[in-house]
Amino acid sequence: MKKILAIILSVITLASALCLLVACGGSNDGKIEISIGFWPENSQTSDVQMYNEWKEKFEADYPQYRIVASPYTYSPETVSAKGNVGKLPTIFQTYFTEPDMLIGNEYIRPITKQLNALGWLDKMDDNMREQLTRNGEIYGVPRDGYGMGLFINLEMMYDIGAIGQNDDGTYQLYDEDGKPLYPTTFDEIENLSRLVCEFYEEAYGIIILSATKQGGWQLCNIGWNFGAGDLQTQQSGTWSSNLADPGMVRALEWVQKMSQEGLCYPSASLTYNDWPAKIGSKQVMMAFVGNDALSQPITSYGFNKDNFAFVPMPTGDGTSRYALFGGTPYVFAENATDEQVEGALLFLKYIGRSPETDEISVSALKKGFEVAESKDMPILPTIKAWKDSEYLTLANNLENEHINVNYAYMKDFFDTIYDYRRKEEPNYCQDMYGLLDNAIQNVLSDKSGTANPTALLQTANLNFQNQFLKRLNK
Amino acid sequence: MLPPLVLFAFFIWAPLIQNLAYSFFSIKRFECQDFIWFENYAYVFSDPAFKSALINTFVYAFWSIVIGFLLPLFLGLVLSEVIHFRPGFRCMLYLPSIISGVAVMLMWTQILDGSSGSLLNGLLGLFGVEPVQVLMDKNLVIPVIVLVMTWRGAGATVLIYLSALQTVDNSLYEVARLDGANLLQRLFHVTLPAIKPTIKLLFILQIISVFQVFYEPMVMTAGGPDNASISLMYLCYKYTFLDNNPGAGAACGVILAVIIVTLSVIYFKLSKREESV
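Each protein sequence line maps, in turn, to chains H and D. Taken in order, the first sequence gives residues 4 to 477; the numbers are from our numbering. Taken in order, the second sequence gives residues 2 to 278; the numbers are from our numbering.
Simulated from the structure, these hints should not be mistaken for laboratory data. Bear in mind the structure is a predicted one, so any value in this text is a computation, not a measurement. Heads up, some of the hints might be wrong.
Derived DSSO-like pairs (lysine-lysine); straight-line CA-CA distance at most 30 angstroms [claimed, not checked]:
no. : chain 1 : residue 1 : chain 2 : residue 2
1   : H       : Lys-426   : H       : Lys-126
2   : H       : Lys-126   : H       : Lys-60
3   : D       : Lys-29    : H       : Lys-116
4   : H       : Lys-378   : H       : Lys-60
5   : H       : Lys-387   : H       : Lys-308
6   : D       : Lys-29    : H       : Lys-90
7   : H       : Lys-387   : H       : Lys-116
8   : D       : Lys-270   : H       : Lys-473
9   : D       : Lys-29    : H       : Lys-85
10  : H       : Lys-60    : H       : Lys-390
11  : H       : Lys-90    : H       : Lys-352
12  : H       : Lys-477   : D       : Lys-52
13  : H       : Lys-477   : D       : Lys-29
14  : H       : Lys-260   : D       : Lys-139
15  : H       : Lys-285   : D       : Lys-139
16  : D       : Lys-52    : H       : Lys-450
17  : H       : Lys-473   : D       : Lys-201
Just chain H, with the same shape it has in the complex (with noise of 0.2 angstroms):
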């Protein structure tokens, strides 16, 4: 018995320690690999056929480079897994808001260098640049922007009467005088929510996130419309928090009344892969949504792509107007070389996302175009990541001549981005999200109608200020 498991036991051994050897063995043919987080996952067969001609043609031009796929979908809850144990592709997606939290934890590394030897660094968007930026170094290549703004069910609009259609089935979104017709102001959302739910025997006005910090992302949007300043202010080098601003009081009151009165959405744990499925099978009219994201409804739950508007974040209080500001850059893997950098930079070229306007880019981005259009995929219109004049006109250009969906339910949002956009609060963002959601939570999960907003944004202030800001101010 003890021999057959002392064999047992070898036979694993040996097993494991083939394994390990295969798994750490690297290529021995001197190439410097690059592996690519964002490559698409197999089940995207033409986009992973779109990928592989993209490698072929950079491996042709740069046969010192190998390029990798490792299909990795960036979340908070997992990079800090691989992060660990440097298991991080060399290149990978992430949001504007986690470069804090990355750096701190030195998952990610610097290419300042890289960048200014491409020439690269005067054509990056200004503000997308700034979000990058840590101590003098840039961590990170933008891919897109988003802005938040208002996601709108044209069909049930019409249908509630609130507006008419044309000859040609396009609907009317403004009025004789050219004034617009899709709320802009929280007084005309709570108006057409009503309509909705009286027109409707099982739909909603809107969703109100209220989940996995969610919640507190959105409401901090709807706060500073609603006059709300900075939510994180410094004097004196001490960091102190606003939470209890009398305009996130009254945007915490609107969401209270929306609640009270059954016009938005009943639920307390809404996050933000719940507003696609809600808006494609019309049970809400109404989203606050990030521009990226308008697809989302149309690929996953087959809604109508000339069904829908998406128009700039209404005003509280008449004078402020805001779009919450972020996006998706590229960063690197902490433990990348100098070569494996230039590289990956070189390989965005190859697939459009770089602000050169040769003819690999131009081919690259053409050819996303046709991939796109061959899976009947929604073609919108994107924030761009480079302010070059030159890239600008091409992209441009090319976008609009391969956008396929009614630009005219969007051109609002996409006239006035720049001149509404207002980046995210400095400090522990997503922790401050997470308060937020509390107070949200509360308000929505009330149905007396007692809860107090002005309390319970003053509790998430204390507790924020108490939890997070205080360690900024040692």
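The hints should help you fit chain D onto chain H, whose structure is shown.
Below, chain D without anything else, positioned relative to chain H:
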């Protein structure tokens, strides 16, 4: 002797000791940096979410005894009396246990959704009842989650009770009948004492498992509304992976372990005293 020791040391003791060490250090990339004494514990105790999680965990335990412990016992007793179609009933009871836990929670979240279009509210609407939002009600959310947990887990527990009930000596029932004992008297004086060891074992396992409630509130309510359903285990996860504060997560884990060990010791002491009496 050596292989099991090595396995235990590697998979059980090392992580336990490492977690204890983490709770006294500032952590970067899951490596201890500076010894910070009780700072992680101070952070956890000063977090209002910890107070909610601690209270909630005991509330989970209470409801899991009321619903999750008594219901399977009752079902086991009833099923042991069933003569016809017993395998069918067993199969039906066990069926939810083979479904993925996360899938069960997602399904019930949809059923219990607060909108007027959800299955629950649709059914209530047939009887003219206004839509209810049980997952948004701070007082109802924990009992509802425990009910769903019981729906999923009761089948397995019932089978254990059934097998214990089958070991009860039939002659004891016959003697009790001869002595004129009615159904309830037979239950309390024969059946329950006979399966007492199983009941005790399942009771302590129930308490230990409910103290580790994690994915159920995470999937159904994300710990809300306003931390009304957050558990200590979920808070540990939240500190470590969502807030990226492994030190606080480790401290929270140590506190949870201390509570479970204390409760287990108290329980076994009481059991021992009872046995000696």
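A quick look at each hint next to the structure:
1. H:Lys-426 x H:Lys-126: holds, 20 angstroms
2. H:Lys-126 x H:Lys-60: Answer holds: Lys-126 (chain H) to Lys-60 (chain H) is near 25 angstroms, not above 30 angstroms.
3. D:Lys-29 x H:Lys-116: holds, 26 angstroms
4. H:Lys-378 x H:Lys-60: holds, 23 angstroms
5. H:Lys-387 x H:Lys-308: Answer holds: Lys-387 (chain H) to Lys-308 (chain H) is near 22 angstroms, not above 30 angstroms.
6. D:Lys-29 x H:Lys-90: This hinted pair holds, its Cα atoms lying about 16 angstroms apart.
7. H:Lys-387 x H:Lys-116: Given that 30 angstroms is the threshold and the Cα spacing comes to 23 angstroms, the pair holds.
8. D:Lys-270 x H:Lys-473: The given pair, whose Cα atoms are some 45 angstroms apart, is violated under the 30 angstroms limit.
9. D:Lys-29 x H:Lys-85: holds, 13 angstroms
10. H:Lys-60 x H:Lys-390: Roughly 27 angstroms separates the two Cα atoms, so the pair holds.
11. H:Lys-90 x H:Lys-352: holds, 25 angstroms
12. H:Lys-477 x D:Lys-52: holds, 25 angstroms
13. H:Lys-477 x D:Lys-29: Between Lys-477 (chain H) and Lys-29 (chain D) the Cα gap is close to 19 angstroms, so the pair holds against 30 angstroms.
14. H:Lys-260 x D:Lys-139: holds, 19 angstroms
15. H:Lys-285 x D:Lys-139: holds, 28 angstroms
16. D:Lys-52 x H:Lys-450: The hint holds at about 24 angstroms.
17. H:Lys-473 x D:Lys-201: violated, 48 angstroms
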